[in-house]
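Using the hints, position chain B against chain A.
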Amino acid sequence: MVKEAASGTTSLVSRQIVVEGEISGEENLHVDGRVKGSIRLAGDLFVGANGVVEAEVEARNIVIQGVLTGKVLARVQLEVQTAGCFNGESTAGSYEIRDGAVFEGISKMLNRSRRPGKLQPIVSPPETQK
Amino acid sequence: MGLFSKTEPGPAPQGGSQRTGSESGFFGAKLGVKGKISGGGNLIVMGRLEGECDLNGDLVLAPSAAATGEIKAVTITVSGNVTGNLAARERVHLEKTAVVNGRIATPRLSMVDGADFNGEVEMKKPPEGPSAPEPSADVSGRIAPPRLSMVDGADFNGEVEMKKPPEGPSAPKPSGKK
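Order-wise, the sequence lines are chains A and B. Okay, so the first sequence: first residue is 1 according to the numbering used here, each after it adds one. Okay, so the second sequence: first residue is 131 according to the numbering used here, each after it adds one.
Chain B extracted, bound-state conformation:
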């Protein structure tokens, strides 16, 4: 059936994360989605997500969310667990409770102290970004701190490996690599 063959024209409003015109989807904590999510509008995920997500809107992964796979959206806010790649057209924000293992590609990245991130960051500036502030910090390379925070506007390209201190109360099980 051709029900799903036609794509929505969906004139996505540009600029800013306040897409007032689009409604928000919501996947509750006890819902799991395996496969491909696409389309427009914003989405809040509280449950499991496995596969591919390509959203023309804002994606929020709540603290209870666990996502694996390729995730693309205009903005991505993570408070939950992600294993995989995050690609944002505008920005990625990692909240305190976020645990991300994978690769982040975004023009803008911010990260609250307490967020756990292991992986690679690639910050590509859009060709002409009038809204993008001049980077207050510009770091390239590899950093391996136990804790890391990052303010929106900072520019970082490279790899991050976060080793939790052994007696950390919230320290997850150490990986085999010591």
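Chain A with its partners taken away, still in its complex shape:
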């Protein structure tokens, strides 16, 4: 899966740390503490079970186990896990919301070309003969 970014370092805002302001960078970020403000990442944002984020977020994937409030953009996917709670406005390439997760707010799809109705044929076209 793309969700667990295999490349790049992952920074950690540990449980007792509070950041108020702007976080930006090329890497992944795991938040177990609190962040208020804005987060812009080339990599993924992972909000751990103890993490509380109240911010405007832009990241590749956003995975929520804790609480995320704000306006977010997940360039690939937004995932709210079972104990996770999202509240706000989100735009994402795709969504995964697990059973038990809380999602309150607005969701928009990033890729408008993937509309419902444009279904792919289930049967693959016959192979061309040589």
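The set of hints was computed from the structure by calculation and includes no laboratory data. Idealized CB from N, CA, C, for every residue including glycine. One or more hints might be untrue.
Unchecked claim - Cβ-Cβ distance ranges computed for the label pairs, FRET-style:
hint, chain 1, residue 1, chain 2, residue 2, range
1, A, Gly100, B, Ser154, 53 to 63 Å
2, A, Thr91, B, Asp282, 48 to 58 Å
3, A, Glu56, B, Glu250, 33 to 43 Å
Unchecked claim - For lysine to aspartate or glutamate, the following DMTMM-like pairs were computed, each having C-alpha atoms within a straight-line distance of at most 25 Å:
hint, chain 1, residue 1, chain 2, residue 2
4, B, Lys164, A, Glu96
5, B, Lys166, A, Glu96
6, B, Lys164, A, Glu54
7, A, Lys71, A, Glu96
8, B, Lys164, A, Glu89
9, A, Lys36, B, Glu250
10, B, Lys166, B, Glu180
11, B, Lys202, B, Glu250
12, A, Lys71, B, Glu180
13, B, Lys254, B, Asp268
14, A, Lys71, A, Glu58
15, B, Lys164, B, Glu180
16, B, Lys166, A, Glu27
17, B, Lys164, A, Glu56
18, B, Lys160, A, Glu26
19, B, Lys202, B, Glu153
20, B, Lys164, B, Glu153
21, B, Lys160, A, Glu54
22, B, Lys255, B, Glu182
23, B, Lys160, A, Glu20
24, B, Lys164, A, Glu27
25, B, Lys160, A, Glu27
26, A, Lys36, B, Glu182
27, B, Lys226, B, Asp268
28, B, Lys293, B, Glu225
29, B, Lys293, B, Asp282
30, B, Lys294, A, Glu56
31, B, Lys202, B, Asp282
32, B, Lys166, A, Glu26
33, B, Lys160, A, Glu96
34, B, Lys160, A, Glu56
35, B, Lys226, B, Glu200
36, A, Lys108, A, Glu56
37, A, Lys36, B, Asp268
38, B, Lys166, A, Glu54
39, B, Lys166, A, Glu20
40, A, Lys36, B, Glu200
Here is chain B on its own, set in the frame of chain A:
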């Protein structure tokens, strides 16, 4: 929202820099943080830090770190660049690669030869410091050497101006003041 209004009770363990109970945060080399960092636990910074940091734990600024602003922690170890003020409740240590421009306020200070420091030092002894060794040196005033090292236990209050020799290989660009 009141999410951030309540402060963590966080009973910070006292004494020594080995706070085994607290976990360490880590800001990688390609991460920049602008604003205010507070709370407990230890923190290792390898990237950019701009603003205020008030940590109830140990702070390490790695060689790749560049920090500007007000930095407070229990202990501060600098290997990177700092422009601003450092205030430690226990100690400050400047590694060989450290470049610090600003003011240091700490009860204990040590500095490895090669560290670059320009600024003022204020060493305030805690009211009763049983762990603090008797100072082996006690200097007050202004010193302007090209190189300076300082062992933990030495006591210095005053100003430091480090002028690199002109042909120093690692000498940074000389400032306008000659």
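For each hint, the structure was consulted:
no.: 1; hint: A/Gly100 to B/Ser154: 53 to 63 Å; verdict: violated, 31 Å
no.: 2; hint: A/Thr91 to B/Asp282: 48 to 58 Å; verdict: holds, 53 Å
no.: 3; hint: A/Glu56 to B/Glu250: 33 to 43 Å; verdict: holds, 39 Å
no.: 4; hint: B/Lys164 to A/Glu96; verdict: violated, 31 Å
no.: 5; hint: B/Lys166 to A/Glu96; verdict: violated, 32 Å
no.: 6; hint: B/Lys164 to A/Glu54; verdict: holds, 16 Å
no.: 7; hint: A/Lys71 to A/Glu96; verdict: holds, 17 Å
no.: 8; hint: B/Lys164 to A/Glu89; verdict: holds, 24 Å
no.: 9; hint: A/Lys36 to B/Glu250; verdict: violated, 34 Å
no.: 10; hint: B/Lys166 to B/Glu180; verdict: holds, 8 Å
no.: 11; hint: B/Lys202 to B/Glu250; verdict: holds, 16 Å
no.: 12; hint: A/Lys71 to B/Glu180; verdict: holds, 24 Å
no.: 13; hint: B/Lys254 to B/Asp268; verdict: holds, 12 Å
no.: 14; hint: A/Lys71 to A/Glu58; verdict: holds, 9 Å
no.: 15; hint: B/Lys164 to B/Glu180; verdict: holds, 5 Å
no.: 16; hint: B/Lys166 to A/Glu27; verdict: holds, 20 Å
no.: 17; hint: B/Lys164 to A/Glu56; verdict: holds, 14 Å
no.: 18; hint: B/Lys160 to A/Glu26; verdict: holds, 5 Å
no.: 19; hint: B/Lys202 to B/Glu153; verdict: holds, 18 Å
no.: 20; hint: B/Lys164 to B/Glu153; verdict: holds, 22 Å
no.: 21; hint: B/Lys160 to A/Glu54; verdict: holds, 22 Å
no.: 22; hint: B/Lys255 to B/Glu182; verdict: holds, 24 Å
no.: 23; hint: B/Lys160 to A/Glu20; verdict: holds, 19 Å
no.: 24; hint: B/Lys164 to A/Glu27; verdict: holds, 16 Å
no.: 25; hint: B/Lys160 to A/Glu27; verdict: holds, 6 Å
no.: 26; hint: A/Lys36 to B/Glu182; verdict: holds, 14 Å
no.: 27; hint: B/Lys226 to B/Asp268; verdict: holds, 22 Å
no.: 28; hint: B/Lys293 to B/Glu225; verdict: holds, 18 Å
no.: 29; hint: B/Lys293 to B/Asp282; verdict: holds, 23 Å
no.: 30; hint: B/Lys294 to A/Glu56; verdict: violated, 45 Å
no.: 31; hint: B/Lys202 to B/Asp282; verdict: holds, 19 Å
no.: 32; hint: B/Lys166 to A/Glu26; verdict: holds, 20 Å
no.: 33; hint: B/Lys160 to A/Glu96; verdict: violated, 28 Å
no.: 34; hint: B/Lys160 to A/Glu56; verdict: holds, 19 Å
no.: 35; hint: B/Lys226 to B/Glu200; verdict: holds, 22 Å
no.: 36; hint: A/Lys108 to A/Glu56; verdict: holds, 15 Å
no.: 37; hint: A/Lys36 to B/Asp268; verdict: violated, 44 Å
no.: 38; hint: B/Lys166 to A/Glu54; verdict: holds, 14 Å
no.: 39; hint: B/Lys166 to A/Glu20; verdict: holds, 5 Å
no.: 40; hint: A/Lys36 to B/Glu200; verdict: holds, 19 Å
The structure is inconsistent with the numbered hints 1, 4, 5, 9, 30, 33, 37, although it conforms to all the rest.
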